[in-house]
Amino acid sequence: MSDIIEIKNITKEFKVLNRREGLLGSFKDLFSRNYKTVRAVDNISMTVGQGEIVGYLGPNGAGKSTTIKMMTGVLEPTSGEILVGGSIPYKNRTKNAQEIGVVFGQRSQLWWALPLVESFRILRDIYQIPEQNYKDMLELYQSLVDIEPLLHKPVRQMSLGQRTLSDILAAFLHDPKIVFLDEPTIGLDVSMKAKIRTLIHALNREKKTTVILTTHDMGDVDALCRRIVIIDKGKMLYDNDIEHLKSFFGSYRTLKVRADGDLREQAEVIQGELPDMKVWADDEWISVLVDEEKAKVLDVLGKLQQSHSIRDMKLEEISTEEVIKKIYEEGVK
Amino acid sequence: MKRKGLRFYLRIYRKILAQDIKSKMSYRADFIISTIGMIFTNIAGFVSFWILFRSFPSINGWSYHEMLFLYGFSLVSLTPVQCLFDNNWSLRQYVYTGDFIKYCFRPINLFFYFQSEVFDIKGLGQLAFGIATIAYSWSKIGLGFSALMLLKLIVFLLTASLIMIAMQNAAAATCFWIQNSFYVLDLAFGMKDYAKYPITIFSTVFKFIFTFVVPIAFIAYYPSLVILRPDEIPLLSWLSPLVGIVFFYLSYRFWMYGAMKYSGTGS
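Those protein sequence lines, which keep their order, are chains Z and D. For the first sequence, my numbering gives the first residue as 1, with consecutive numbering after it. For the second sequence, my numbering gives the first residue as 1, with consecutive numbering after it.
Some hints here could point you the wrong way.
What the hints assert, rightly or not - In silico DSS-like links for lysine-lysine, alpha-carbon gap of 27 Å or less:
| # | chain 1 | residue 1 | chain 2 | residue 2 |
| --- | --- | --- | --- | --- |
| 1 | D | Lys4 | Z | Lys95 |
| 2 | Z | Lys15 | D | Lys261 |
| 3 | Z | Lys233 | D | Lys102 |
Treat the hints as calculated values from the structure; they're not laboratory data. Only a predicted model underlies this, so the values are computations on that prediction, with no experimental measurement involved.
In isolation and in its complexed conformation, chain Z is listed as follows (with noise of 0.2 Å):
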């Protein structure tokens, strides 16, 4: 598999204005060049191989799309070097952009008022692609979904979900080494969800498309990632597979409940109990994150009952967030 990505050491700064408070404040920092410097992204390398889908994950702000704009050109990285397809992005980005696909989730990239056949159309003469390629593309599309209702909707009639989709097909269409994906399942109900993943995975099998994936949700991840690299505050946590990641913490759920009183105080009753175990209270549940292979579920909410009079339960795989979070407290061995 050859690398299509090379990220060696790129860094990302940007300048930003001290901002002082108040009305006074505000008026100050008219005149002020009081800079300081915000490091987005920060000494990260990585390869990607054609084909390959990673998910890039990290909580907001870690600079996920800071990373992303670097790799599709339109950022320039204050240091470090970067390849994609074997040229430098940002110098060549009318050239790199032939070559890469882009879906941010809640924005559209296709024209509002145009069926989505007439948009897939200027993108044809757009990205100049051979009349047979674009056949053969539409054909593998119908194969996957059923595009038909959809290519003679104007894009603002349709559902949020049909929108995605219709983006993620636009994005496809000149066939691009490269797609990047930005929350591509956001706010879709669950089938919905399904179809999107299910889609994904197959243009990737189909065209050997490399897919770079970012999202909230552990379920795109699940269904479609066999490697994750999660970042935060710019700097790079954890590249490797995703059997890996779940070796580590993949034992670990939260047990979630709702008992009588003052949720805090409970809780904090409870880590007294539970020494070895996180705690903590929400406005809704108090949470206990149990490492299965301490011990069990069942027993720690026995022992809750106990002494506490538990009026409702759930039972939470642990999230993204969560792993990310325990990556960041503890790090990776």
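Starting from the known structure of chain Z, fit chain D onto it as the hints suggest.
Only chain D this time, still in chain Z's reference frame:
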């Protein structure tokens, strides 16, 4: 990848424009009302012009019909900015919401792609009105007619229109740096109202400003001298096509510079 020449861009332009016109027409009531609005705006503009000149038969040696020619010239040369570069008015919105980034991912020129998306069909009414005004005043002044004169008229109209486009580009591009660029844009666009008067009626300071700083005198006054006063054409008139092209190019660079800088910081 094939080379992307003028023909490529023309074809894309036609397709993308067609989509906008289609979508505009799909809101029929909106389309009709705004067309009527545009016609009335033109009539009102003409009526106020006519009232003004009924009491002053000539201004600084400019007769009523010559003034009318100037007026028509400015209307026509302001049409392209109205029709083809209307998306500049929305630029601020795209930048503010972050949607501007979608223009950065296509393998075609960013400025071209952005401007191609909107065609303001209302400008065509202005064009028709302007052409009629030029034709009427042309015959009244008795300029005569030759193919060369028509060619001159067209060339000077086209290059004059670049000035207003350049001003609007530059004004719109300020939104890459400042929050509320609407006022800059509105100010720049408001300047067009001074374009329909002969520059000789202004004081020396404004003459200088309108020629060298905010070059609106090149929108109608200098280029139309080539037609109206063929015996005493100043150098600046002959330079007006060059001024148009240079200013347009500078504004394009400025716009692109802003766009690159923006995508460097926005999220």
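Structure-based check of each hint:
Distance hint between Lys4 (chain D) and Lys95 (chain Z) is fulfilled; the C-alpha atoms sit about 11 Å from each other, no more than 27 Å. Between Lys15 (chain Z) and Lys261 (chain D) the CA atoms are separated by roughly 12 Å; this keeps the pair inside 27 Å, and the hint holds. For the suggested pair Lys233 (chain Z) and Lys102 (chain D), the alpha carbons sit about 25 Å apart, so the restraint of at most 27 Å is met.
The earlier numbered hints are all upheld by this structure, with none contradicted.
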